[in-house]
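Student: The listed protein sequences correspond, in order, to chains V and B. Those letters in the first sequence? Residues 1 to 341, by our numbering. Those letters in the second sequence? Residues 342 to 789, by our numbering.
A hint or two may mislead.
Here are the in silico distance ranges between beta carbons for each label pair [what the hints assert, rightly or not]:
#: 1; chain 1: V; residue 1: Tyr292; chain 2: B; residue 2: Glu602; range: 49 to 57 angstroms
#: 2; chain 1: B; residue 1: Ser688; chain 2: V; residue 2: Asp331; range: 32 to 40 angstroms
#: 3; chain 1: B; residue 1: Gly751; chain 2: V; residue 2: Met155; range: 42 to 50 angstroms
#: 4; chain 1: B; residue 1: Ile474; chain 2: V; residue 2: Leu260; range: 20 to 28 angstroms
#: 5; chain 1: B; residue 1: Tyr589; chain 2: V; residue 2: Met155; range: 46 to 54 angstroms
#: 6; chain 1: V; residue 1: Ile305; chain 2: B; residue 2: Pro522; range: 22 to 30 angstroms
#: 7; chain 1: V; residue 1: Asp331; chain 2: B; residue 2: Phe581; range: 13 to 21 angstroms
#: 8; chain 1: B; residue 1: Pro522; chain 2: V; residue 2: Asp153; range: 19 to 27 angstroms
#: 9; chain 1: V; residue 1: Thr2; chain 2: B; residue 2: Lys728; range: 46 to 54 angstroms
#: 10; chain 1: B; residue 1: Arg731; chain 2: V; residue 2: Leu260; range: 27 to 35 angstroms
#: 11; chain 1: V; residue 1: Met155; chain 2: B; residue 2: Leu502; range: 37 to 45 angstroms
#: 12; chain 1: V; residue 1: Met145; chain 2: B; residue 2: Asn771; range: 36 to 44 angstroms
In silico DMTMM-like cross-links for lysine to aspartate or glutamate, where the CA-CA straight-line distance does not exceed 20 angstroms [as the list claims (entries may be wrong)]:
#: 13; chain 1: V; residue 1: Lys330; chain 2: B; residue 2: Asp461
#: 14; chain 1: B; residue 1: Lys728; chain 2: B; residue 2: Glu619
#: 15; chain 1: V; residue 1: Lys330; chain 2: B; residue 2: Glu464
#: 16; chain 1: B; residue 1: Lys467; chain 2: B; residue 2: Asp580
#: 17; chain 1: B; residue 1: Lys386; chain 2: B; residue 2: Asp504
#: 18; chain 1: V; residue 1: Lys256; chain 2: V; residue 2: Asp293
#: 19; chain 1: B; residue 1: Lys468; chain 2: V; residue 2: Asp331
#: 20; chain 1: V; residue 1: Lys254; chain 2: V; residue 2: Asp191
Keep in mind that the hints were calculated from the coordinates and are not lab data. From the three backbone atoms N, C-alpha and C, an ideal C-beta is built for every residue, glycine too.
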Amino acid sequence: MTLEIIGISVLWMFLFGYLIVASIDFGAGFFNAYNTLTRRDHILTNIIERYLSPVWEVTNVFLVFFFVGIIGFFPKTAFYYGTTLLVPVSIAIVLLAIRGSYYAFAMYGSYGHKGYTFMYGISGLFIPASLSIVLTISEGGFISMVNDHPVLDYMELFTSPLTWSIVVLSITALLYISAVFLTWYANKAGDKSATELLRKYVLIWALPTIITAGGIIFELRHHNPEHYARILDLWWVFGLSFLLFVGTVWLIWKRKKYGLAFGLLVGQFALAFFGYGVSHYPFLLYPYLTIYDSFTNEAMAISLIVAFIAGLGLLLPSLYLLLRLFLFNKDYVRGNKDHHA
Amino acid sequence: MGNEEAVFFSRVLTELTLSFHIIYATIGVGVPLMIMIAQWVGIKKNDEHYILLARRWARGFVITVAVGVVTGTAIGLQLSLLWPNFMELAGNVIALPLFMETFAFFFEAIFLGIYLYTWDRFENQKKHLLLLIPVAIGASFSAVFITIVNAFMNAPRGFDLVDGELININPLLAMFNPAMPTKVVHVVVTAYMTSAFVLASIAAFRLLKGSNHVYHKKALFLTMKVGLIFSIATAIIGDFSGKYLAEYQPEKLAAAEWHFETEENASLIMYGVLDDGEVKYAIKIPYALSILAHSNPFAEVQGLEEFPEDEIPPLYIHYLFDLMVSIGMWLAFLSALYVFAVWRKWSFVQTKWFRWLLVLGGPLAVLAIEAGWWLAEVGRQPWILRKIMRVEDAATTSGQVDLMLVLFAGLYLVLGIGSVVVLRRMFKKNPVEQEIEDRRKEKGGDFL
């Protein structure tokens, strides 16, 4: 295994981590807003706040970790993506900033202003949309070189069906992931009505998620035939992912083993995400940038990997402690005590 | 938009983001230490007032951390968005501390979450104190690592530049560059100092506004003592910084000091104005610059005349230097006076005018932090990587930077106003007298 592969695998892993935790976060915000609007907020608000409060900051770190890491391992990405992504990423930053700070403001300052709750829920849907543009661009065809500098063609980008399919997928998938997780969490909390409501959301969002995911593969056939061919080579990974999807939906449908259902969901997305990543190999930005020509020098790569291993030694036990105290602690999950500062 | 404008707006946007971020970042580095000290004193003295102090500080801290986190994310991404050429080059050498910073941040985020949501879970307060240690360590170390990145920009090393290509890269040598020790210590110590004075401001303000509760007096005395210790430490490290500059970045020191001609027995210029190259109305302290630069009153200090015209930083940084040093000295003096007077039981510390001076201390300390960063950053102009890459070669070629500047200015306005409003409301709605009363009822009389 070369250093380049280790580097991109580490980063891809963290991006996957962000995908899951951020989806839960964004989806929870949306469901909360939706229920506030339809005056059913009493069902969900407690469950959602109890989960989100101690972890919102951690969620954010996954993202920071990814973008710092990719500049570290692949400094040339700064040149290509940094120059072209100024506008979409700035919008994502602003939305993230409003969301993150609003969360702290609302939890500790003025509780439950409806207008804010609504904005909070909606902004969560726009962030994955603006971030997923990076994935679209990486497929090639939207960036051209003008005087040795990359320039993004917005017209091409916004009229491409691929762009919109990826945006739709990011939104449906986040609602689906979030609903599955929260069903499990609500069930652990012994909250029947919240579980039932969330279970319904899982069943609503399952189908659109899988249809758009399939649709994107189909569109790649025209947009980037090379990539499409490599996806077909990996058909069994995506097939396995689909089986896990069926398993999750079946368990939720039958109201059985919500924990296992969430486990299958993580497996489903992990397979699809890594399958997509592997088929994208070796390009970071088709056709300009591969992981080989953008890789940092060997000394830096090795020290980054050493730092990464040392950092994980510190992080994994801490994350485990966090999960034990808040996710797997019956008293806390059921809200038996008011614990916060 | 031409490239010149893109450079200009990129600089303004970076400056705006950083100037806003460092207010919250400084508090984010210093306040966990203050909470830890209060919690520790509370346990040691078995005094619930200090525990309550820690708790109330922690609650306010959440708000500032939230803004610090989101603006930190903003500057982290803006580095690549606004300065892609710089990141492409420097990323090869300096990615390690940047990466380590996110680990420190991660570590802090996890334990802050745990600390904030386990207030009533542990019977033993000592266990709860243990959770604060990783928070404070994480906060301080993210400052350490990110300052190392900045130090590298001032004193880049750990690589060889051959025909525009970087070779022989040594990430550790790049991290432990000559600017690193003074910069890191200065940043961390002034963050502690500023947080102490900011918290002292709050206590003094409550006392001024009529609450005469012993809780605020304890808070004020504790924070002023900590403030005194760290302002003395700041003065000492400031002296080392001067010596570093004389040795490695003489053009920055010379510009900050309006030291035009290389000479021995150099005097230090305080205040004054620059008029057609003439320094007017300044206070000159003989030999002081030689002492600051080389610990020797007769030593020779390099003047601006020795540097090429296009490598000299703007001369207005002298005003920033004056502002930073004057505030630092004033706060050291003020806190020393206060601590001494309390110790000798002099009553003037309880007068209104003196308390107003204490209230002013916090905002002044924040102003000094801003002035210090502007001095450090403008002082290395025109370089983004000293002697290697100029700022204008580093900026983006994107045409939308001006629009983004407007967007972010709006964001910081909202965040700034929002955080102040929320903090005010939080503590107004629940004054300490009320909280002590509530706690007493809850615990059935054995509280205080």
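Student: Determine for every hint whether it applies to the structure shown.
Tutor: A quick look at each hint next to the structure:
1. V/Tyr292 - B/Glu602: 49 to 57 angstroms: 54 angstroms, holds
2. B/Ser688 - V/Asp331: 32 to 40 angstroms: 51 angstroms, violated
3. B/Gly751 - V/Met155: 42 to 50 angstroms: 26 angstroms, violated
4. B/Ile474 - V/Leu260: 20 to 28 angstroms: 38 angstroms Cβ-Cβ, so the 20 to 28 angstroms window is violated.
5. B/Tyr589 - V/Met155: 46 to 54 angstroms: About 50 angstroms separates the Cβ atoms of tyrosine 589 of chain B and methionine 155 of chain V, which means 46 to 54 angstroms holds.
6. V/Ile305 - B/Pro522: 22 to 30 angstroms: 27 angstroms, holds
7. V/Asp331 - B/Phe581: 13 to 21 angstroms: Check failed, 51 angstroms falls outside 13 to 21 angstroms.
8. B/Pro522 - V/Asp153: 19 to 27 angstroms: 48 angstroms, violated
9. V/Thr2 - B/Lys728: 46 to 54 angstroms: 34 angstroms, violated
10. B/Arg731 - V/Leu260: 27 to 35 angstroms: Check failed, 59 angstroms falls outside 27 to 35 angstroms.
11. V/Met155 - B/Leu502: 37 to 45 angstroms: 40 angstroms, holds
12. V/Met145 - B/Asn771: 36 to 44 angstroms: With Cβ atoms ~59 angstroms apart, the hint is violated.
13. V/Lys330 - B/Asp461: 15 angstroms, holds
14. B/Lys728 - B/Glu619: 29 angstroms, violated
15. V/Lys330 - B/Glu464: With a Cα-Cα distance of about 18 angstroms, the restraint between lysine 330 of chain V and glutamate 464 of chain B holds, given a limit of 20 angstroms.
16. B/Lys467 - B/Asp580: Given that 20 angstroms is the threshold and the Cα spacing comes to 38 angstroms, the pair is violated.
17. B/Lys386 - B/Asp504: At roughly 64 angstroms apart (the allowed maximum being 20 angstroms), aspartate 504 of chain B and lysine 386 of chain B break the hint.
18. V/Lys256 - V/Asp293: Roughly 49 angstroms between the alpha carbons, so the hint for lysine 256 of chain V and aspartate 293 of chain V is violated.
19. B/Lys468 - V/Asp331: 19 angstroms, holds
20. V/Lys254 - V/Asp191: Holds, at roughly 18 angstroms.
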